[in-house]
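Trainee: Protein chains in written order, with the working numbering: chain G, 1 to 158; chain D, 1001 to 1634.
To be clear, the hints were calculated from the coordinates, so they are not data collected in a lab.
All C-beta atoms, glycine included, are put in the ideal place defined by N, C-alpha and C.
Just to be clear, a hint being listed does not mean it is correct.
[What the hints assert, rightly or not] Straight line, CA to CA, 20 Å or less: simulated EDC-like cross-link-like pairs of lysine to aspartate or glutamate:
no.	chain 1	residue 1	chain 2	residue 2
1	G	118	D	1486
2	G	55	D	1333
3	G	17	D	1335
4	G	18	D	1310
5	D	1568	D	1508
6	G	17	D	1333
7	D	1014	D	1081
8	D	1575	G	103
9	D	1057	D	1100
10	G	117	D	1081
11	D	1554	D	1527
12	G	118	D	1489
13	D	1619	G	103
14	D	1304	D	1198
15	G	132	D	1276
16	D	1026	D	1119
17	G	117	D	1486
18	D	1024	D	1053
19	D	1013	D	1183
20	G	145	D	1625
21	G	132	D	1283
22	G	117	D	1535
23	D	1106	D	1183
24	D	1007	D	1300
25	G	118	D	1276
26	D	1528	D	1508
27	G	18	D	1333
28	G	6	G	29
29	D	1606	D	1583
30	D	1554	D	1448
31	D	1504	D	1522
32	G	55	D	1335
33	D	1089	G	136
34	D	1619	G	29
35	G	73	G	32
[Said to hold, decoys possible] Not close to chain D: a few residues of chain G, all C-beta gaps over 10 Å, as computed:
no.	residue
36	1
37	7
38	14
39	18
40	36
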Amino acid sequence: MESFNKTSLNTIIQAHKKQNGSLVSLLQDIQDTFGYLPREALQHVNTVLDIPLSKLFSIATFYNAFNLEPQGKNTLSVCLGTACHVKGGENLIAMMGRALGLDNSEGTSADGKFTIKKVRCLGCCSMAPVVKANDDIHGSMTQTKTANLLKKLKKSKR
Amino acid sequence: MNAKAIKNVQGLKKEGLVSLFPDKIKIIVGSASCGLAAGAGPVFEAIKTGVKEKRIKARVTRTGCIGLCHQEPLVDVIIPDKPRLTYGKVTPQAVKKILDALKKGKVPQGAFARIDTEEFLLEGTSRTYGTDSEDPQIAQIPGFDVLSFYQKQSRIALRNCGFIDPGNILEYMAKGGYTALAELLQSKSPQQVVSEIERSGLRGRGGAGFLTGRKWKMCRAAHADKKYLICNADEGDPGAYMDRSILEGDPHTVIEGMLIAGYAIGAAQGYIYVRDEYPLAIERLQKALKQARTHGLLGDDILKSGFSFDIIINRGAGAFVCGEETALIKSIEGDWGEPRQRPPYPAQRGLWGKPTVINNVETLATVPAVMHNGAKWFSALGTQHSKGTKVFSLVGKVNRIGLVEVPMGTSLRDIIYDIGGGIPDGRAFKAVQTGGPSGGCIPAELIDLPVDYEALSRAGSIMGSGGLIVMDDKTCMVDVAKYFLDFLENESCGKCTPCRVGVKRMRELLDAICSGSGIIEDLALLEKMALNIKDSALCGLGKTAPNPVLSTLKYFKDEYLAHILLKKCPAGVCKNLITYAIDPAVCTGCGACLKACPADAIKGEKKKAHKVLTKKCIKCGACQEVCPVGAVVT
Ligand SMILES: Cc1cc2nc3c(=O)[nH]c(=O)nc-3n(C[C@H](O)[C@H](O)[C@H](O)COP(=O)(O)O)c2cc1C
Ligand code: FES
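Between the sequences and the hints, there should be enough to build the whole structure, so can you do that?
Mentor: As structure tokens, this is what we get:
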């Protein structure tokens, strides 16, 4: 992940103009590069492309995939889809919240190492309950396995 | 279309057959997202390195999900002249044993099923893998066709999933893929294609069950300079994953379906709107699109027929409502996905204001089979008004979790018991939830209900996209209703008041009931609000949002009453209404719970019954999870 810089942003905007892509895909590209949508980035898009800031924020807040805040080094998405719900997904997210000192289970830990998110179905319902740690999906999770996963990620260099 | 192009298709098909029925060992790892979640990644790596290290002459490939999710990670081994063997729950350690045996020229032990012949649904033929089933070791392995999981299935949309390599277009073609397209480009007018689909009775698999042929006809009849085709791969219903599985396991069938649809309605541009949560599906689609273009099956002047069509992938951004067709269109246009009033229907005024057909992944995956085998063949399957087969994701509290495809009209009992093997741990079957957040819960009394569009809707639910979430006596139906409202409250786009405010108010009432502060009048109020929202919401999301509440109120009123009057949750789920305790008659005093408890709320000596200190207990459920003998009760 890069930290916010105008050079990269301009490259993204140029590529976007060339492909005639949609606004949603532009914001996706910005987030893929910086990990979130920095306010300065949206302001810059507003100036360069003459798109009202209100419109950019409407889109950024409408879709769950967009983050307006920097994210932790590791993102843990806990599935709370129907299959995972009936198999105890809530217990897992509550457990992570306790382990990382997060008030309502979601959010980023104080040390910036973890962001915990709820998702509604990762499409691996057969492996419920499911937790996605960065790019890897872990199936048939328990609180014990989740605790071990957190430990492993804490030690990793990421 | 010229003869050379046809010959080319046939040549590619032959090449694919060699890949499917190889003359040397082939090891195939089930590598859909579900397999990967179960650990197929390290298994694949172990096989790759093992084969190299041991110098085994074998090709290692991937395949999609065969539906047997409860056996993942799955590995298939094809030894020339022998049946295809399937190994379940494979670990990197088990890989070593498999490879050791192969190195010695032996058949690896431990396969749980074998495939003697591979069906070619589109050709109406089959081909045997090997004749060597006299080998006593192989003979005792049950054939796939006798596994109870498969006996009542009939796989059309899933015909290739778990058999072919999704990254190899030739294997798709070997199984009859792109033949339907080639044939119709040569000999059928678009009008004839529309008529064939109309006659087949195929209905949309995305939820509403609208007749596909009629939709295409409407769009074909619309006058415009441009038309569009969209494949809806937003798969928003939690608990349903057939679209993901098809895209990951057989992307070319969706592409072929889109080509056929595009030809029929007169579109030159297609879009696939894939939800953000499915990165692997996007990756496999991208590769498949590239291959199709390379072979002249996509792009300009396809198979030299004069027909041009191309496909763009659109990545969703995490909004359930964008699965609704008008919202999806706005999202592709780059806006936030607010649905709009219909009519006009997208087939009249859709993407960029042009006539647009939106079809679901499974619908489009079925199209090539219908075109190839004909409307008559397809409509012979199923019930009077629901033709063909439907894919269901059988998940939740059921033994053989997986993806199944059965003829419409198959009973829930057949699906849950014969295919799914019933409820685990000897518990009682309570209900099955169908149709996602727009659907309902069908109680045990209705287990003999045949699944088709009409029967499910008469029972107060809907077909939806095909999620079947099985629930046992440990699932609280009030909690399930609350769960769906919470989901929909989050996903409501906020445009219309009944949905934005009404769903929230209903959820608040259910919160109160689940936490023990509900009053009996709440039930009448819930029902009244539900009916009002159904009548007045703008789009399908709001109109169907009350369904989970209405159906649970209808069939499980006693559970609502227990929460309100007795302040008890009979299933032992609603945290405010339960206490954890250890049954001293069952507890063996192993101490696992004591170790797992994060709140120091369990005490007891080794080998003696333990106790929960209710005051300290935070109700996290950790003790229940680790107890090896099920002594923790609520
Ligand atoms: C709230 C809502 C969500 C929907 N989500 C999906 C979805 O995820 N996938 C889908 O194929 N159809 C979804 N639909 C149905 C689509 O609007 C549309 O009917 C369907 O894609 C048409 O394709 P079909 O005729 O092949 O089923 C949804 C509808 C509503 C009201
Ligand atoms: S419900 Fe959790 S992956 Fe589908």
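Trainee: Taking the hints in turn, state whether each one holds.
Mentor: Hint by hint, here is what the structure shows:
For a cut-off of 20 Å, the pair hint linking residue 118(G) to residue 1486(D) stands: about 13 Å separates their Cα positions. Proximity of residue 55(G) to residue 1333(D) is assessed by CA-CA distance (about 14 Å); at most 20 Å being required, the pair is judged to hold. For the given pair, residue 17(G) sits about 16 Å from residue 1335(D) by alpha-carbon distance, which is consistent with the 20 Å threshold. For a cut-off of 20 Å, the pair hint linking residue 18(G) to residue 1310(D) stands: about 19 Å separates their Cα positions.
As the CA atoms of residue 1568(D) and residue 1508(D) are separated by approximately 18 Å, the hinted pair is consistent with the 20 Å bound. Annotation: proposed proximity of residue 17(G) to residue 1333(D) holds, straight-line Cα distance about 15 Å (limit 20 Å). Taking the CA atoms of residue 1014(D) and residue 1081(D), the gap is about 19 Å. The hint holds against a cut of 20 Å. Proximity of residue 1575(D) to residue 103(G) is assessed by CA-CA distance (about 18 Å); at most 20 Å being required, the pair is judged to hold.
Restraint check for residue 1057(D) and residue 1100(D): satisfied, since their Cα atoms lie roughly 13 Å apart, inside the 20 Å limit. Distance restraint check for residue 117(G) and residue 1081(D): the Cα-Cα separation of roughly 50 Å exceeds the 20 Å cut-off, and the hinted pair is therefore not satisfied. For the given pair, residue 1554(D) sits about 10 Å from residue 1527(D) by alpha-carbon distance, which is consistent with the 20 Å threshold. Restraint check for residue 118(G) and residue 1489(D): satisfied, since their Cα atoms lie roughly 15 Å apart, inside the 20 Å limit.
Restraint check: the Cα-Cα separation between residue 1619(D) and residue 103(G) comes to about 17 Å, which is no more than 20 Å; the hinted pair holds. For the proposed pair residue 1304(D) and residue 1198(D), the alpha carbon gap of about 27 Å is over 20 Å, so the pair is violated. For the given pair, residue 132(G) sits about 14 Å from residue 1276(D) by alpha-carbon distance, which is consistent with the 20 Å threshold. Pair hint residue 1026(D) plus residue 1119(D) holds up; C-alpha atoms about 19 Å apart against a cutoff of 20 Å.
At most 20 Å may separate the alpha-carbon atoms for a hinted pair to count; residue 117(G) and residue 1486(D) meet this at roughly 16 Å. For a cut-off of 20 Å, the pair hint linking residue 1024(D) to residue 1053(D) stands: about 18 Å separates their Cα positions. The hinted pair formed by residue 1013(D) and residue 1183(D) meets the criterion: a straight-line CA distance of about 14 Å does not exceed 20 Å. With a CA separation close to 11 Å, the supplied pair residue 145(G) and residue 1625(D) stays within the 20 Å bound.
Proximity of residue 132(G) to residue 1283(D) is assessed by CA-CA distance (about 18 Å); at most 20 Å being required, the pair is judged to hold. With a C-alpha separation of about 34 Å, the suggested pairing of residue 117(G) with residue 1535(D) is violated against the 20 Å cut-off. At roughly 44 Å between alpha-carbon atoms, residue 1106(D) and residue 1183(D) are farther apart than 20 Å, so this suggested pair is violated. Taken as a hint, the residue 1007(D) and residue 1300(D) pair is honoured in the structure, with Cα atoms around 19 Å apart against an allowance of 20 Å.
Taking the CA atoms of residue 118(G) and residue 1276(D), the gap is about 14 Å. The hint holds against a cut of 20 Å. At most 20 Å may separate the alpha-carbon atoms for a hinted pair to count; residue 1528(D) and residue 1508(D) meet this at roughly 15 Å. For the hint pairing residue 18(G) with residue 1333(D), the CA-to-CA distance comes to about 16 Å; that is within 20 Å, so the pair holds. For the hint linking residue 6(G) to residue 29(G), the alpha-carbon distance of about 14 Å falls within 20 Å, and the restraint holds.
Under the criterion of a C-alpha separation no larger than 20 Å, the hint pairing residue 1606(D) with residue 1583(D) is consistent with the structure, at around 15 Å. Using a Cα cut-off of 20 Å, the hinted pair residue 1554(D) and residue 1448(D) holds, with the two alpha carbons roughly 18 Å apart. Simply put, residue 1504(D) and residue 1522(D) have alpha-carbon atoms about 14 Å apart, close enough for the 20 Å limit, and the pair holds. Pair hint residue 55(G) plus residue 1335(D) holds up; C-alpha atoms about 9 Å apart against a cutoff of 20 Å.
Between residue 1089(D) and residue 136(G) the alpha-carbon distance is near 18 Å, which keeps this suggested pair within the 20 Å criterion. Of the supplied pair hints, the one linking residue 1619(D) and residue 29(G) is violated, its CA atoms being roughly 42 Å apart against a limit of 20 Å. Distance restraint check for residue 73(G) and residue 32(G): the Cα-Cα separation of roughly 14 Å lies within the 20 Å cut-off, and the hinted pair is therefore satisfied. For residue 1(G), the condition that its CB be more than 10 Å from all CB atoms of chain D holds, with the nearest at approximately 16 Å.
Every Cβ of chain D is farther than 10 Å from the Cβ of residue 7(G); the closest lies at roughly 25 Å, confirming the non-interface assignment. Consistency note on residue 14(G): stated as away from chain D, and its beta-carbon is indeed over 10 Å from all of that chain's, at 17 Å minimum. Consistency note on residue 18(G): stated as away from chain D, and its beta-carbon is indeed over 10 Å from all of that chain's, at 15 Å minimum. With 10 Å as the threshold on Cβ separation, the claim that residue 36(G) sits away from chain D holds: the shortest Cβ distance comes to roughly 14 Å.
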